[in-house]
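Q: Following the hints, position chain B against chain A.
There are 2 protein chains.
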Amino acid sequence: MAVYTDINDEELALLLADYDIGTALAFKGMAEGVENSNFLLETTGGRYFLTVYEKRMREEELPFFLDLMRWLAQHGFPSAAPLADRNGVTIKRVRGKPAAIVEFLPGLSVRRPTVDHCREAGEGLARLHQAAQGFPGTRANDLGQASWAPLFATLREAADGLKPGLAATISGDLDRLAAAWPQGLPTGVIHADYFPDNVFFTAGKFAGAIDFYFACVDALAYDVAVALNAWCFEADGSFNITSARALVAGYESLRPLSAAERQALPALAHGAAMRFFLTRLEAWGATPAGALVRPKDPLEYERKLAVHRAAPDLVLFGAPA
Amino acid sequence: MAVYTDINDEELALLLADYDIGTALAFKGMAEGVENSNFLLETTGGRYFLTVYEKRMREEELPFFLDLMRWLAQHGFPSAAPLADRNGVTIKRVRGKPAAIVEFLPGLSVRRPTVDHCREAGEGLARLHQAAQGFPGTRANDLGQASWAPLFATLREAADGLKPGLAATISGDLDRLAAAWPQGLPTGVIHADYFPDNVFFTAGKFAGAIDFYFACVDALAYDVAVALNAWCFEADGSFNITSARALVAGYESLRPLSAAERQALPALAHGAAMRFFLTRLEAWGATPAGALVRPKDPLEYERKLAVHRAAPDLVLFGAPA
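The listed protein sequences correspond, in order, to chains A and B. Numbering-wise, the UniProt record's numbering puts 84 at position 84 of the first sequence, and it's gapless, one number per residue. Numbering-wise, the UniProt record's numbering puts 314 at position 314 of the second sequence, and it's gapless, one number per residue.
By construction, these hints were calculated from the structure, which means they are not laboratory data. One should not assume that every hint holds.
Each pair may be met inside one copy or between any two copies, as identical chains are not told apart.
Stated by the list, open to error - In silico DSS-like cross-links for lysine-lysine, where the CA-CA straight-line distance does not exceed 30 Å: (1) Lys28 with Lys55; (2) Lys28 with Lys163; (3) Lys97 with Lys28; (4) Lys205 with Lys92; (5) Lys92 with Lys55; (6) Lys97 with Lys55; (7) Lys205 with Lys163; (8) Lys92 with Lys163; (9) Lys296 with Lys28.
The following block holds chain A by itself, in its conformation from the complex:
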């Protein structure tokens, strides 16, 4: 839940005066997002979201994210497009912080995805990859494989604090991932955080994706791997092969994976689990006791790492039984 920046009615009226979307009818802080402040904004012109970007957002990266969202919306992918004010400005300032108004994207995220949701999500991810083709912006994946060892160097103690001996295990994983990290796969713009809470459905059908603030250029199949981890594990920690096959099948219904991509999936999924384990571990240690946001449990991804570690040749992702 997140409203870090309070916006009063006068500040809102001042902001809206720059746009052609009328005056405010309703304005409500949302318990969504952990990094930024989000508000539902209804005006005489329609419904929107106002996001105020908080300190963890690097302002120089905002144009990439917002331009991507607009590009996707203009290229057939259901994404909330940012609004430009009368002067063509998309990134505004509220209380000294960057802020943007984006369209309201209807849809519901699912908490416990079914196999059908996984298939829809996979197809939606392929739509995203296809719609992003030709997008001129570029941004490196600063949470990609090269970043993990340096990040983990600061977290060894935290890992052992979480579970004795875990630091050595993670080091072993990192060595293995560094040695075997897939190279030369097709790249493009990836969402990089394609979790169920960032994907919307309407009547069970894929209806769009939000939260592009980790988007970057990397291997397209890595995005599939992130999604496999996020969508296809059961609450008991087991990997649901049926869901995984459905997700990959949905993806391949629009963009078939190459043999190299398919072969790379187990390593990519292991690496994707590492990425989220490391950032959750970092947030876990960095969150002060009185914080308003509960950090996500790094142990969830520690367990996913263990699954990938134990089954290094997992070729289950959509492969025939």
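A: Using the frame of chain A, we list chain B on its own:
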């Protein structure tokens, strides 16, 4: 900011199946309310709020609050009416907790009310009092004058901790209020928490009130006194007589105060400041360090108490200059 109860898509679908409002199109946790969990719910049938009542809400009192909201909506006052399901049931259960779906009430609350807002708010309060006439429900004000001394008995140490010597000062106030508490004033249903964040405006005009969960039967003028404290103090702690006169004038444009009510206003305002000081002091001490909700500062109301204490004959509320 408040979402204490997580509701997943399956639970939501089960709940909606009992109603005739279609299927969910969007469902978003709101950073609103400190006591309950609130969600914006959009269905194929319209827009609503879902509130899940958390443990501080006494379930046996819910019918009074929800019946009152419906009554007001049916009697010309802009209140969000609760929805009944197909079996006529208004209070449902979600995750074992009572819950209700209410209509979406558009409007914006104001952070820093102008004199015009105060006038509109006063008129809106009179509309509320008038619309509630004839409402058959009844509920005692469990935070009324009789409750303050017993409550304060548990908070003497907290008061001195807030400000050395404060406990003795508050005791003096309580004695004075007990001796001089106005009796025999016209009673009716009062909102009892008519603060700016519970009042909506559209284009500067009163558009409705929300959050009736302190509503009860008490002196109508006490509601005006609560509002004077909540709307007419400046950020520097000074009482804005112009705002106060506007609020009372707005109120009296629909329901003129009797001479007795007008004469009672200073004592009622002193008492209303006591009520919010005491409950804030209680919440301040009771909030654990890691809580997700920041309690409101009791010192704000300690300062308001001081203003009323220093000017016991304050006859400024709308009186001619």
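Q: Each hint needs a verdict: does it hold in this structure or not?
A: Hints versus structure:
1. Lys28 with Lys55: Result: close both inside a copy and across copies, 21 Å intra and 24 Å inter.
2. Lys28 with Lys163: Result: close neither inside a copy nor across copies, 41 Å intra and 35 Å inter.
3. Lys97 with Lys28: both (18 Å within a copy, 24 Å between copies)
4. Lys205 with Lys92: Answer is between; shortest inter-copy Cα gap is 28 Å, intra-copy 34 Å.
5. Lys92 with Lys55: So Lys92 and Lys55 pass the 30 Å test inside one copy only (15 Å; across, 41 Å).
6. Lys97 with Lys55: Close inside one copy (8 Å), not across copies (37 Å); limit 30 Å.
7. Lys205 with Lys163: Answer is neither; intra-copy 40 Å and inter-copy 59 Å both fail.
8. Lys92 with Lys163: Answer is neither; intra-copy 44 Å and inter-copy 42 Å both fail.
9. Lys296 with Lys28: both (25 Å within a copy, 19 Å between copies)
When the structure is compared with the earlier hints, violations turn up for hints 2, 7 and 8 and for no others.
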